[in-house]
Amino acid sequence: MSQRETWATRTGFILAAVGSAVGLGNIWRFPFQTSANGGAAFLVVYLAAVLLIGIPVILAEFSIGRRANVDAIKAFRTLDRPSWRFVGAIGILASFWTLSYYSVVGGWVTRYVAGSVTGNALAAPEGYFGAVSAGLPAVLAHAVFIAITIGIVAFGIERGIELATKFMVPSIVVLLIALAVFAATLPGAGEGYAFFLSPDFSVIVEDAATILPAAFGQALFSLSLGFSVMITYASYLGRDDSLFADGLAIAVTNTFVGVLAGLVVMPLLFAQGVPPGEGGAGAVFIAIPTALAELPGGGILGRAIGVVFFAVVFIAALSSAISLLEAVVAYAVDTFGVARAPAAVGLGVAGFLLGIPSALDTAWLDWFDGIGVTLFLPIAVLAVVVFVGWVMGDEAIDELRRGSSLGVGPAWLWSLRTFVLVVVLVVVALNFNDLFLTPETGYYIVPGPLR
Numbered sequence: 071m072s073q074r075e076t077w078a079t080r081t082g083f084i085l086a087a088v089g090s091a092v093g094l095g096n097i098w099r100f101p102f103q104t105s106a107n108g109g110a111a112f113l114v115v116y117l118a119a120v121l122l123i124g125i126p127v128i129l130a131e132f133s134i135g136r137r138a139n140v141d142a143i144k145a146f147r148t149l150d151r152p153s154w155r156f157v158g159a160i161g162i163l164a165s166f167w168t169l170s171y172y173s174v175v176g177g178w179v180t181r182y183v184a185g186s187v188t189g190n191a192l193a194a195p196e197g198y199f200g201a202v203s204a205g206l207p208a209v210l211a212h213a214v215f216i217a218i219t220i221g222i223v224a225f226g227i228e229r230g231i232e233l234a235t236k237f238m239v240p241s242i243v244v245l246l247i248a249l250a251v252f253a254a255t256l257p258g259a260g261e262g263y264a265f266f267l268s269p270d271f272s273v274i275v276e277d278a279a280t281i282l283p284a285a286f287g288q289a290l291f292s293l294s295l296g297f298s299v300m301i302t303y304a305s306y307l308g309r310d311d312s313l314f315a316d317g318l319a320i321a322v323t324n325t326f327v328g329v330l331a332g333l334v335v336m337p338l339l340f341a342q343g344v345p346p347g348e349g350g351a352g353a354v355f356i357a358i359p360t361a362l363a364e365l366p367g368g369g370i371l372g373r374a375i376g377v378v379f380f381a382v383v384f385i386a387a388l389s390s391a392i393s394l395l396e397a398v399v400a401y402a403v404d405t406f407g408v409a410r411a412p413a414a415v416g417l418g419v420a421g422f423l424l425g426i427p428s429a430l431d432t433a434w435l436d437w438f439d440g441i442g443v444t445l446f447l448p449i450a451v452l453a454v455v456v457f458v459g460w461v462m463g464d465e466a467i468d469e470l471r472r473g474s475s476l477g478v479g480p481a482w483l484w485s486l487r488t489f490v491l492v493v494v495l496v497v498v499a500l501n502f503n504d505l506f507l508t509p510e511t512g513y514y515i516v517p518g519p520l521r
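Numbering-wise (my numbering), the sequence shown opens with residue 71 and increments by one.
It is worth saying that the hints were derived from the structure and are not from the lab.
Just so you know, not all the hints are guaranteed correct.
[Unchecked claim] The calculated label-pair distances, taken between Cβ atoms and stated as ranges, are:
#1 Gly200 to Gly416: 54 to 64 angstroms
#2 Ala248 to Thr81: 16 to 26 angstroms
#3 Ala217 to Thr76: 18 to 28 angstroms
#4 Glu364 to Val275: 51 to 61 angstroms
#5 Arg229 to Val275: 47 to 57 angstroms
#6 Glu276 to Ile515: 50 to 60 angstroms
The beta carbon of each residue, even a glycine, is placed where N, CA and C say it ideally should be.
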């Protein structure tokens with residue numbers, strides 16, 4: 071058996087993990103989730119979720135991955151707990167499931183980059199979104215996006231994923247900062263900032279049953295937790311890296327980019343007069359081109375900003391799609407001895423096929439997203455928390471202390487065993503209520519197109 075791949079540098083690992091986290095979850099999903107759930111009220115709960123749940127759980131996944139040094143399912147056999155392999159299996163399923171519809175949205179973004187260059191995306195935004203978001207054009211764009219993802223993953227950890235994300239992540243940050251400066255000059259920017267940054271805490275109390283699961287689900291989604299991605303990425307790490315410092319850097323950078331995306335999107339939405347909570351997943355794709363089309367300069371400035379904005383979204387989408395496919399490919403390579411390139415192609419094509427319904431009808435995409443974020447992710451995270459907190463125990467502390475002078479110890483472990491466990495259980499319960507008991511407002515287990 072050939073030697074397992076590793077990251078060439080610690081920076082490469084951090085950027086790859088940040089790239090996984092900084093994806094459509096931040097730039098596409100975060101703004102419309104914030105808009106639909108009370109603006110700054112949602113932001114406050116989201117930030118608390120990242121701090122109190124996200125960081126402890128990312129460390130838990132890191133401890134499993136590096137200690138086992140294999141894929142997310144085989145890891146539990148390596149740790150002498152083979153009966154817990156279902157934990158990794160749920161995460162792998164979540165990755166594959168999410169990749170299928172995530173690639174569809176990536177296809178939209180690909181079309182929007184081209185449409186911003188030609189000006190078509192800005193000329194008739196609603197018509198353009200309708201044309202690219204469903205049907206055969208969406209299927210073809212979905213195929214292009216997932217083909218690019220397959221190509222990068224097929225090249226491996228060092229020559230593919232690490233090399234690509236070293237370019238992608240800094241590009242995302244630099245371009246978003248430039249866009250945020252531009253957005254600050256728009257009429258209505260102040261109103262957008264107020265909605266995004268001035269919380270009304272009464273909204274949190276009144277709508278807790280809606281805001282809490284949405285914010286915690288967003289925190290898990292945006293940090294790539296529950297997908298087995300962080301277990302997989304940590305499995306390629308050396309023994310001397312500080313997992314605590316790396317996890318903190320990833321969480322902080324991811325959150326910074328999410329807030330930065332909000333500082334871009336909210337002023338653009340308010341400048342166009344889009345009411346909070348309206349527009350859903352398509353708001354970014356309709357309202358932003360509309361706002362850009364109204365900029366002075368005969369449309370040239372709007373096109374230029376549109377190209378930059380959707381290029382950022384494309385890079386972010388691609389960096390996350392890479393990690394979702396890699397989690398599944400690592401399992402095939404480690405468990406069945408399949409060569410990386412054929413595994414990437416075969417699994418990527420399977421993900422493409424699963425995503426075809428989402429490409430043909432956005433109602434399917436909404437359902438896939440709802441089931442993934444509402445069902446698979448919290449269950450996978452709950453399983454990780456129980457395993458690391460109550461089964462792995464002190465072994466996890468030993469792994470986190472390796473290569474770190476920072477004090478990660480019993481306090482972290484007991485936070486997993488108690489507070490984090492209770493919060494995740496509550497989120498799972500609320501999500502199950504949303505899925506099974508409130509079909510008129512929730513995602514419901516039966517897809518909308520089949521009802």
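### Message
Need the list of violated hint numbers for this structure, in ascending order.
### Response
1, 4 and 6
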